[in-house]
Amino acid sequence: AQSVTQLDSHVSVSEGTPVLLRCNYSSSYSPSLFWYVQHPNKGLQLLLKYTSAATLVKGINGFEAEFKKSETSFHLTKPSAHMSDAAEYFCVVIRTGFQKLVFGTGTRLLVSP
Amino acid sequence: DTAVSQTPKYLVTQMGNDKSIKCEQNLGHDTMYWYKQDSKKFLKIMFSYNNKELIINETVPNRFSPKSPDKAHLNLHINSLELGDSAVYFCASSFRTGGIVVGTGELFFGEGSRLTVL
Chain A
645 AQSVTQLDSH VSVSEGTPVL LRCNYSSSYS PSLFWYVQHP NKGLQLLLKY TSAATLVKGI
705 NGFEAEFKKS ETSFHLTKPS AHMSDAAEYF CVVIRTGFQK LVFGTGTRLL VSP
Chain B
274 DTAVSQTPKY LVTQMGNDKS IKCEQNLGHD TMYWYKQDSK KFLKIMFSYN NKELIINETV
334 PNRFSPKSPD KAHLNLHINS LELGDSAVYF CASSFRTGGI VVGTGELFFG EGSRLTVL
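The listed protein sequences derive, respectively, from chains A and B. Residue numbers are given in our numbering: position 31 of the first sequence equals residue 675, and the series is strictly consecutive. Residue numbers are given in our numbering: position 82 of the second sequence equals residue 355, and the series is strictly consecutive.
No wet-lab data here; the hints were simulated from the structure. Where is the CB? At the ideal position from N, CA and C, for every residue including glycine. Some hints here could point you the wrong way.
[Claimed, not checked] Okay, derived cross-link-like pairs now, DSS-like style, lysine-lysine, Cα gap no bigger than 25 Å in a straight line: (1) B/Lys295 / B/Lys325; (2) B/Lys292 / A/Lys693; (3) B/Lys282 / A/Lys713; (4) B/Lys325 / A/Lys712; (5) A/Lys713 / B/Lys340; (6) B/Lys325 / B/Lys292; (7) B/Lys344 / B/Lys313; (8) B/Lys317 / A/Lys686; (9) B/Lys344 / B/Lys295; (10) A/Lys744 / B/Lys344; (11) A/Lys713 / B/Lys309; (12) B/Lys314 / A/Lys686; (13) B/Lys292 / A/Lys686; (14) B/Lys340 / A/Lys744; (15) B/Lys292 / B/Lys314; (16) B/Lys313 / B/Lys325; (17) B/Lys313 / A/Lys686; (18) B/Lys344 / B/Lys292; (19) A/Lys744 / A/Lys693; (20) A/Lys693 / B/Lys314; (21) B/Lys340 / B/Lys309; (22) B/Lys295 / B/Lys282; (23) A/Lys693 / B/Lys295; (24) A/Lys713 / A/Lys686; (25) B/Lys282 / A/Lys693.
[Unchecked claim] Per label pair, the in silico range of CB-to-CB distance: (26) B/Ser293 / A/Glu715: 39 to 47 Å; (27) B/Glu331 / A/His654: 25 to 33 Å; (28) A/Ser653 / B/Pro334: 27 to 35 Å; (29) B/Asp291 / A/Lys712: 44 to 52 Å; (30) B/Ser293 / A/Leu700: 39 to 47 Å; (31) B/Leu356 / A/Arg752: 48 to 56 Å; (32) B/Leu356 / A/Lys702: 39 to 47 Å; (33) A/Glu708 / B/Glu331: 43 to 51 Å.
[Said to hold, decoys possible] Below, a sample of chain A positions facing chain B; criterion: calculated Cβ distance under 7 Å: (34) Tyr673; (35) Ala730; (36) Glu732; (37) Lys744; (38) Thr749.
Put together the whole structure using the sequences plus the hints.
This is how it looks when you write it as structure tokens:
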């Protein structure tokens, strides 16, 4: 079965500093991995996805993530946080070729001025 | 134009009542979903329909009954509401190409319907 573990429930950064949101995955099969973002009182939006092509994936709003099979990780990074990045971030795994997404428990990113 | 729209956005009701949440998508997708997000933000799939056919049915009480009149609509009806049903319910949609499941993972979500059962 597929699962993801988001290692931090909350991450606090200052505006302009780097962001690191950690995600480890477990999958018996070749996984596809995603990061979704949820702003307050909004639905989820896809940030980026890994589907067995390039291991470094670039997404929207300056975010990127690197798939590391040896570490079973898919951490999300951004060089410089912006106030508008404050939101809940979900790491998601899917068995490649199947429709059922499995969500992590989420990491709340707090950005202070 | 809103891509995936849900109504109502907020719903407050008493235990034992029956309520419905409606969802419509104008993206031309052929697959729609209902997710439940609990108070700890945990998201879990409940149902998925492809071209009006049920393809995912997680372990959900049979008080929950999805209905898909066409591939652009997926409604959720809940009978005999309980306190534990309080949550935010998200509708989502995606493409599933032909007879092959395409696990692209890109779902488009509505803004959620917050259900509070008193």
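Okay, the hints, checked on the actual structure:
{"no.": "1", "hint": "B/Lys295 / B/Lys325", "in the structure": "holds, 15 Å"}
{"no.": "2", "hint": "B/Lys292 / A/Lys693", "in the structure": "violated, 36 Å"}
{"no.": "3", "hint": "B/Lys282 / A/Lys713", "in the structure": "violated, 40 Å"}
{"no.": "4", "hint": "B/Lys325 / A/Lys712", "in the structure": "violated, 38 Å"}
{"no.": "5", "hint": "A/Lys713 / B/Lys340", "in the structure": "violated, 40 Å"}
{"no.": "6", "hint": "B/Lys325 / B/Lys292", "in the structure": "holds, 21 Å"}
{"no.": "7", "hint": "B/Lys344 / B/Lys313", "in the structure": "violated, 31 Å"}
{"no.": "8", "hint": "B/Lys317 / A/Lys686", "in the structure": "holds, 17 Å"}
{"no.": "9", "hint": "B/Lys344 / B/Lys295", "in the structure": "holds, 13 Å"}
{"no.": "10", "hint": "A/Lys744 / B/Lys344", "in the structure": "holds, 18 Å"}
{"no.": "11", "hint": "A/Lys713 / B/Lys309", "in the structure": "violated, 30 Å"}
{"no.": "12", "hint": "B/Lys314 / A/Lys686", "in the structure": "holds, 12 Å"}
{"no.": "13", "hint": "B/Lys292 / A/Lys686", "in the structure": "holds, 22 Å"}
{"no.": "14", "hint": "B/Lys340 / A/Lys744", "in the structure": "holds, 19 Å"}
{"no.": "15", "hint": "B/Lys292 / B/Lys314", "in the structure": "holds, 22 Å"}
{"no.": "16", "hint": "B/Lys313 / B/Lys325", "in the structure": "violated, 31 Å"}
{"no.": "17", "hint": "B/Lys313 / A/Lys686", "in the structure": "holds, 16 Å"}
{"no.": "18", "hint": "B/Lys344 / B/Lys292", "in the structure": "holds, 22 Å"}
{"no.": "19", "hint": "A/Lys744 / A/Lys693", "in the structure": "holds, 15 Å"}
{"no.": "20", "hint": "A/Lys693 / B/Lys314", "in the structure": "holds, 21 Å"}
{"no.": "21", "hint": "B/Lys340 / B/Lys309", "in the structure": "holds, 16 Å"}
{"no.": "22", "hint": "B/Lys295 / B/Lys282", "in the structure": "holds, 10 Å"}
{"no.": "23", "hint": "A/Lys693 / B/Lys295", "in the structure": "violated, 29 Å"}
{"no.": "24", "hint": "A/Lys713 / A/Lys686", "in the structure": "violated, 32 Å"}
{"no.": "25", "hint": "B/Lys282 / A/Lys693", "in the structure": "violated, 29 Å"}
{"no.": "26", "hint": "B/Ser293 / A/Glu715: 39 to 47 Å", "in the structure": "holds, 45 Å"}
{"no.": "27", "hint": "B/Glu331 / A/His654: 25 to 33 Å", "in the structure": "holds, 28 Å"}
{"no.": "28", "hint": "A/Ser653 / B/Pro334: 27 to 35 Å", "in the structure": "holds, 28 Å"}
{"no.": "29", "hint": "B/Asp291 / A/Lys712: 44 to 52 Å", "in the structure": "holds, 49 Å"}
{"no.": "30", "hint": "B/Ser293 / A/Leu700: 39 to 47 Å", "in the structure": "holds, 45 Å"}
{"no.": "31", "hint": "B/Leu356 / A/Arg752: 48 to 56 Å", "in the structure": "violated, 25 Å"}
{"no.": "32", "hint": "B/Leu356 / A/Lys702: 39 to 47 Å", "in the structure": "holds, 44 Å"}
{"no.": "33", "hint": "A/Glu708 / B/Glu331: 43 to 51 Å", "in the structure": "violated, 32 Å"}
{"no.": "34", "hint": "Tyr673", "in the structure": "violated, 10 Å"}
{"no.": "35", "hint": "Ala730", "in the structure": "violated, 14 Å"}
{"no.": "36", "hint": "Glu732", "in the structure": "holds, 6 Å"}
{"no.": "37", "hint": "Lys744", "in the structure": "holds, 6 Å"}
{"no.": "38", "hint": "Thr749", "in the structure": "holds, 6 Å"}
Violation of the numbered hints given earlier is confined to hints 2, 3, 4, 5, 7, 11, 16, 23, 24, 25, 31, 33, 34 and 35; the remaining hints are satisfied by the structure.
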